[in-house]
Amino acid sequence: MIRNIIAITERELRSYFVSPVAWVVTAFFVAIWGILFFAIVTSGREAVLRPLLSNFSITFLFVGPFLTMRLIAEEAKTGTLELLLTQPIREVELVVGKYLASLGFLAFMLAVTLYFPTLLEVFGDPDRGPMMAGYLGILLQGMAFMAIGLIASSLTQNQIIAAAVTFVVLLLLWLADVLTLGGAAAEVARFISISQRSQDMLRGVVDTKDVVFFFTVIVGCLFVTTQIISARRWR
Amino acid sequence: MIIVDQLTKHYGPFVAVDDVSFEVAKGEILGFLGPNGAGKTTTMRILTGYMPPTSGRAIVAGFDVFKDSLEARRHISYLPETVPLYTDMSPRNYLHFVGKIRGMDGSARRSRIDDVAEKCRITEFIDRLIGKLSKGQRQRVGLAQALLPNPDVLVLDEPTIGLDPRQIVETRHVIKNLRGEHTVILSTHILPEVSMTCDRVVIIDRGKVVAIDTPENLQRRMAGSDTIEMEIRGPEEAVLAALNSLPKVIGVRTRSNGADAPVYSVECERDADLREALASTVVQRGWGLRGLRPASVSLEDVFVQLVTSEAPAA
Ligand SMILES: Nc1ncnc2c1ncn2[C@@H]1O[C@H](COP(=O)(O)OP(=O)(O)O)[C@@H](O)[C@H]1O
Ligand SMILES: [Mg+2]
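Listed in order, the protein sequences are those of chains A and B.
Count along the first sequence from 1, add 21, and you get the number used in this note's numbering.
Count along the second sequence from 1, add 356, and you get the number used in this note's numbering.
Looking at chain A on its own, in the form it has when it is part of the complex (with noise of 0.2 Å):
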């Protein structure tokens, strides 16, 4: 079980370290924080990371597709996904280990970062409580990014299809708090809304309900894209 999640992970941690596509959006993105970094520290002079992280987290809308649209999808369109499936695997067992190994990535990119909130210590002198529940929230959110991406990695063979379509998905959660109006479907809304919780957590408070609710729709995500996997060997 878990030796079989390992090789997942790890095969697909080489490809991500391997893929072009991850080092662009890495780079990228690494830069537009950097921008940001220097544009808000030199207009505020202030050493908070929270103005940045509510950026950042803004960015994740366009990171997520990225770095979750090859996950399954390319392994259907080359045929590799034919093999694990005649393996002695498990189809949650592939799942958890794509889903980890794009953790992995994440996480890695996370600890590039790291590097902002690193000057703000040797210039400055940040609170560092709120700094460190603005990283958990961009944690928790980024993780939920990557479930939802997998999902939509999972039903098509094409890897621009699966990204459209997380990123769709993404921003209508990121706004789904703004787009209604009013009544039950406002309470609705607020509470799948991903903004309104990061945002809570970029201003230093974690509240548990947030992290369960993150844990849920994660754990929801990688239910629904194991019984899609399943589900397409019926057809």
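Be careful, since some hints might not be right.
Rough simulated footprint, nothing fancy, chain B against chain A, three-plus residues with beta-carbon under 8 Å [claimed, not checked]:
| hint | stretch |
| --- | --- |
| 1 | 35-46 |
| 2 | 89-101 |
| 3 | 108-117 |
Quick caveat, the hints were computed from the structure, so don't treat them as lab data.
All C-beta atoms in this analysis are idealised placements derived from N, C-alpha and C, irrespective of residue type, glycine included.
Chain B with the ligands: place on chain A using the hints.
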């Protein structure tokens, strides 16, 4: 080692595999011969647990490929028609990956990879990127992948397709050497291929089994035959014996049709219209003749669609 029992697969309304039954003994190499679109790949995908059948069942190494799929898959290796390779890996890393999934530990993998690399002649380029390999080289990496776990059962879907003549000869040589140690099913649409590599052949067309025989017998039957299907109610052994004893009858097969009267496919020499003779034989013995018609797919139709000579160099 392999039992396929009334396997049927529908894609929507389309019937891709229709009531296919056959068995493969341990150590045997079985050829799965049929024109394109016959249902070979579909059958193999069911056997390897990739997709479930619509009805019927298949048992591999004692495990039902659907109900006990994971256990069955532990005993099977599969080389799909489109060779499943990660182009961003080297053959060595690819084989390590497959080995890990098969539960082989590091040292077992290393020595086994050396073995199969030798056998499939991939040693020379084992550390190059798969994406940079030629079609023939990739095919051999795929074969190495299938051999790696030393499986009881090997399922090879058109293993020589797209290879040049020299590579075809080499690949067949590798496959022939598996006889006895492994049970092999290989599919092909090339008629001479089966006589060169297989102990027995299942011929399939439009989803139906048309003949199961040795390559030698098939050669004989290729000279020409007609098949008549009869539904007969009567003691099966006696019916078989009676039909077989008629002159100009080449062979008889039965399959159950769910009802109480099984269907007998009687293969006769060509142009020997035996319909009256068959009917009177049955009726004279007091058995119930419930139907008699020429078979919808005859062996001859199938042979015409098969590639009957070696493909020219690719
Ligand atoms: N996924 C699918 N959906 C619908 N039809 C299919 C699918 N796969 C195969 N078929 C059809 O089933 C028939 C048998 O296909 P296949 O098993 O691939 O034949 P073969 O391998 O003998 O060439 C073909 O007519 C093919 O078009
Ligand atoms: Mg095929």
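Take the stretch 35-46 of chain A, compare each residue's beta carbon with every beta carbon of chain B, and decide whether three or more fall closer than 8 Å.
It holds: at least three residues are needed, and the stretch 35-46 of chain A offers 4 whose Cβ sits within less than 8 Å of chain B.
Using C-beta distances, would you say chain B covers the stretch 108-117 of chain A, given that this needs three or more residues below 8 Å? holds (count 4)
**Q.** Given coverage of the stretch 89-101 of chain A by chain B, tested with a Cβ cutoff of 8 Å and a minimum of 3 residues
**A.** Coverage by chain B holds here, the residue count being 3 at a Cβ distance below 8 Å.
The earlier numbered hints are all upheld by this structure, with none contradicted.
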